[in-house]
Amino acid sequence: MTGLALTEPALLPERRAVAPQTVSAATRSQVQPVQGTRLRLEGISLAFGGIRALKDVSFDIREGEIRAVIGPNGAGKSSLVNVISGLYRADRGVITHGGESFAHVPPARLPGLGVARTFQNLALFPGLTVAQNIASGLVFRRKRGLFAQLLSLPKARAETRETEARIREIAGFLGLSEHLPRLVSTLPYGLQKQVELARALIAGPRLLLLDEPMAGLTGAEKTAMAAHIRAVRDRLGLSVILIEHDIGVVMGLSDRIVVLDHGEVIADGSPDEVRRDPEVIRAYLGQDAAGATSGAEAA
Amino acid sequence: MSAALETPAARPFMAAQGAAVLVILAIACLLVPAYASAWTIEAILLPFLAFSLAGLGLNLLTGYAGQVSLGSAAFMAVGAYAAYNFQLRLDLPLPLTFLFAALTAAAVGVIFGLPSLRLKGFYLAVSTLAAQFFIQWLFNKFGWFSNYSPSGVISAPVLGFAGITFDTRESRYLLALSVVVVITFLVHRFVNGPARINLIAVRDNETAARVIGVPVLRTKLTAFALSSAIIGIAGVLWSFTYLRTIEPEGFNLDRSFQILFIAIIGGLATVRGAFLGAGLIVVFPLLLSRGSAWILDGGLDAGTVQLTQRIILGATIIIFLILEPNGLSAILDRITARTRSLFAKITRGRA
Numbered sequence: 001m002t003g004l005a006l007t008e009p010a011l012l013p014e015r016r017a018v019a020p021q022t023v024s025a026a027t028r029s030q031v032q033p034v035q036g037t038r039l040r041l042e043g044i045s046l047a048f049g050g051i052r053a054l055k056d057v058s059f060d061i062r063e064g065e066i067r068a069v070i071g072p073n074g075a076g077k078s079s080l081v082n083v084i085s086g087l088y089r090a091d092r093g094v095i096t097h098g099g100e101s102f103a104h105v106p107p108a109r110l111p112g113l114g115v116a117r118t119f120q121n122l123a124l125f126p127g128l129t130v131a132q133n134i135a136s137g138l139v140f141r142r143k144r145g146l147f148a149q150l151l152s153l154p155k156a157r158a159e160t161r162e163t164e165a166r167i168r169e170i171a172g173f174l175g176l177s178e179h180l181p182r183l184v185s186t187l188p189y190g191l192q193k194q195v196e197l198a199r200a201l202i203a204g205p206r207l208l209l210l211d212e213p214m215a216g217l218t219g220a221e222k223t224a225m226a227a228h229i230r231a232v233r234d235r236l237g238l239s240v241i242l243i244e245h246d247i248g249v250v251m252g253l254s255d256r257i258v259v260l261d262h263g264e265v266i267a268d269g270s271p272d273e274v275r276r277d278p279e280v281i282r283a284y285l286g287q288d289a290a291g292a293t294s295g296a297e298a299a
Numbered sequence: 300m301s302a303a304l305e306t307p308a309a310r311p312f313m314a315a316q317g318a319a320v321l322v323i324l325a326i327a328c329l330l331v332p333a334y335a336s337a338w339t340i341e342a343i344l345l346p347f348l349a350f351s352l353a354g355l356g357l358n359l360l361t362g363y364a365g366q367v368s369l370g371s372a373a374f375m376a377v378g379a380y381a382a383y384n385f386q387l388r389l390d391l392p393l394p395l396t397f398l399f400a401a402l403t404a405a406a407v408g409v410i411f412g413l414p415s416l417r418l419k420g421f422y423l424a425v426s427t428l429a430a431q432f433f434i435q436w437l438f439n440k441f442g443w444f445s446n447y448s449p450s451g452v453i454s455a456p457v458l459g460f461a462g463i464t465f466d467t468r469e470s471r472y473l474l475a476l477s478v479v480v481v482i483t484f485l486v487h488r489f490v491n492g493p494a495r496i497n498l499i500a501v502r503d504n505e506t507a508a509r510v511i512g513v514p515v516l517r518t519k520l521t522a523f524a525l526s527s528a529i530i531g532i533a534g535v536l537w538s539f540t541y542l543r544t545i546e547p548e549g550f551n552l553d554r555s556f557q558i559l560f561i562a563i564i565g566g567l568a569t570v571r572g573a574f575l576g577a578g579l580i581v582v583f584p585l586l587l588s589r590g591s592a593w594i595l596d597g598g599l600d601a602g603t604v605q606l607t608q609r610i611i612l613g614a615t616i617i618i619f620l621i622l623e624p625n626g627l628s629a630i631l632d633r634i635t636a637r638t639r640s641l642f643a644k645i646t647r648g649r650a
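Just so you know, the sequences run in chain order A and Z.
Read in order, the letters of the first sequence are residues 1 to 299 in the working numbering.
Read in order, the letters of the second sequence are residues 300 to 650 in the working numbering.
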């Protein structure tokens with residue numbers, strides 16, 4: 001957890017050189033460190049009453065990989081994210097984070113395991129400023145207690161200064177610097193999505209779960225968000241699970257794609273493989289398959 | 300505090316606000332003891348100070364941490380009875396009496412805060428009612444707490460410390476004032492420091508807070524402990540400096556609601572809101588009764604006047620919540636903003 005690349009001085013100039021907006025689809029990185037698996041799901045099943053949301057779902061995410069999970073509405077995508085982040089308890093199956101295996105991950109342990117997530121509908125804290133919202137992602141690491149803070153002891157002050165430096169860095173990275181002192185509820189929706197990403201990133205996670213990061217964004221905002229996601233993977237080498245509706249975005253951004261339908265994995269492979277998979281075309285893309293895929297290539 | 304993590308609303312007005320607080324403090328410390336009438340101190344300022352502190356304590360829990368409580372009066376009672384018994388049985392010096400009363404109230408607060416780990420909103424409010432009824436019953440049932448006073452009403456002993464006895468009206472007022480000022484300062488620091496993030500995160504979105512690693516359980520219990528401790532001290536001030544008697548009936552559900560109104564009307568999640576709300580709750584009924592006495596000239600009997608007062612107060616609260624849900628604090632914000640722009644216009648006009 002200590003090796004957050006973003007805070008390493010050696011990486012700073014490089015990070016500045018590649019402003020997120022300048023990363024075009026063409027420069028999409030093919031760097032894929034092949035060491036190890038970040039997350040492995042084995043035989044995950046989940047039912048709500050009689051409805052089986054997930055049926056024997058198994059796949060893995062490598063280090064530094066952008067892994068999309070797609071599927072029609074009700075396919076079980078969000079259930080899957082909630083199982084991985086411990087908000088739901090799977091009926092069966094094993095989740096392996098890094099080297100540790102769980103039947104159920106206690107949500108409070110996620111930051112310690114290097115997992116951060118965003119939510120489909122924004123889950124920010126409207127009563128806090130942008131800076132405070134981002135800082136909340138570091139609270140789990142704060143060591144100085146209540147009285148040290150109240151008395152403003154030197155070590156507590158040092159901790160606060162450190163937190164602030166990181167907030168500025170992350171905010172600069174995502175283009176949020178000028179908004180830091182504003183109440184987060186006064187920001188437009190697109191920027192709030194960025195704040196949620198910043199809050200997830202500040203703890204230096206190894207795995208990022210993004211639940212529909214593009215939902216509700218305008219075209220330009222989507223492009224910026226895609227650039228940010230690619231940039232964090234390229235700069236920080238973290239693994240990303242991307243739940244997304246927008247096919248064009250998914251095809252252009254991800255290394256491998258899992259396709260869910262009615263809670264089952266019906267395809268798993270590179271964007272090209274998935275695009276050609278007859279099962280996927282039938283279940284997900286439907287009759288408009290040809291149009292959708294050519295649209296994706298254009299994007 | 301650091302620039303980036305500060306709450307923005309606090310910054311532009313910092314200098315003016317600081318000055319205003321100092322002026323109010325100077326008046327409260329120097330002018331009031333010298334010039335205020337006995338009635339002003341006894342009937343307005345002493346209950347105002349105790350109520351403000353109780354409102355501040357509840358605001359920490361309800362306004363900042365988002366946990367609704369209807370048991371505030373019970374925690375006041377715990378503080379008052381604890382202080383009485385520590386004085387009576389251990390003969391502790393005054394600061395220790397305050398400290399131990401606060402710790403006792405905090406411990407009781409944590410116990411009754413445990414349901415908050417599972418319950419939210421209305422359900423939690425109902426479970427805090429248990430504190431209200433249980434504690435009132437406890438102090439009525441067991442004579443030990445009131446030192447077997449036959450009437451159940453204890454007259455509070457005079458407080459004293461280091462050769463000073465707080466028996467005169469002015470000295471009781473100054474004691475209450477100093478306690479309130481010190482605690483308000485600490486609360487102000489607390490809610491504007493790093494703890495603000497934990498509190499508001501738990502209030503605004505508990506699920507998100509848990510997933511990003513905010514210690515939800517610890518934050519809630521800390522809020523309950525601190526809030527109860529402060530309300531407990533308010534109970535000590537209420538009993539020892541204002542009423543100078545202690546009885547369980549003084550800490551009934553009505554009192555709990557009064558404190559909740561103070562927190563809501565003053566403005567949730569603001570420090571000054573507690574003072575504005577307490578001012579309204581204490582002063583408004585007095586104004587009403589003076590006004591009715593003046594207008595009707597004793598034409599109505601006392602019971603009718605009191606009922607009318609309650610109706611008017613209740614109606615005012617409803618109208619208030621509809622027109623300004625953010626409370627008196629938000630109104631004060633607007634007034635200061637308007638005054639400032641007016642001043643700016645005048646100075647520009649001159650130049």
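Keep in mind that the hints were calculated from the coordinates and are not lab data.
Quick reminder that beta carbons are idealized off the backbone N, C-alpha and C, glycines included.
Take the hints with a grain of salt, since some may be wrong.
Claimed, not checked - Stretch-level coverage of chain Z by chain A, calculated; a stretch enters the list once three of its residues show a Cβ under 8 Å from a Cβ in chain A: (1) 488-496; (2) 500-506.
Stated by the list, open to error - Here are the computed distance ranges between Cβ atoms for each label pair: (3) 491(Z) / 188(A): 21 to 29 Å; (4) 609(Z) / 178(A): 18 to 26 Å; (5) 648(Z) / 165(A): 28 to 36 Å.
- Query: Which numbered hints are broken by the structure, listed smallest first?
  - Reply: Checked against the structure, the hints that fail are numbers 4 and 5, while the rest are satisfied.
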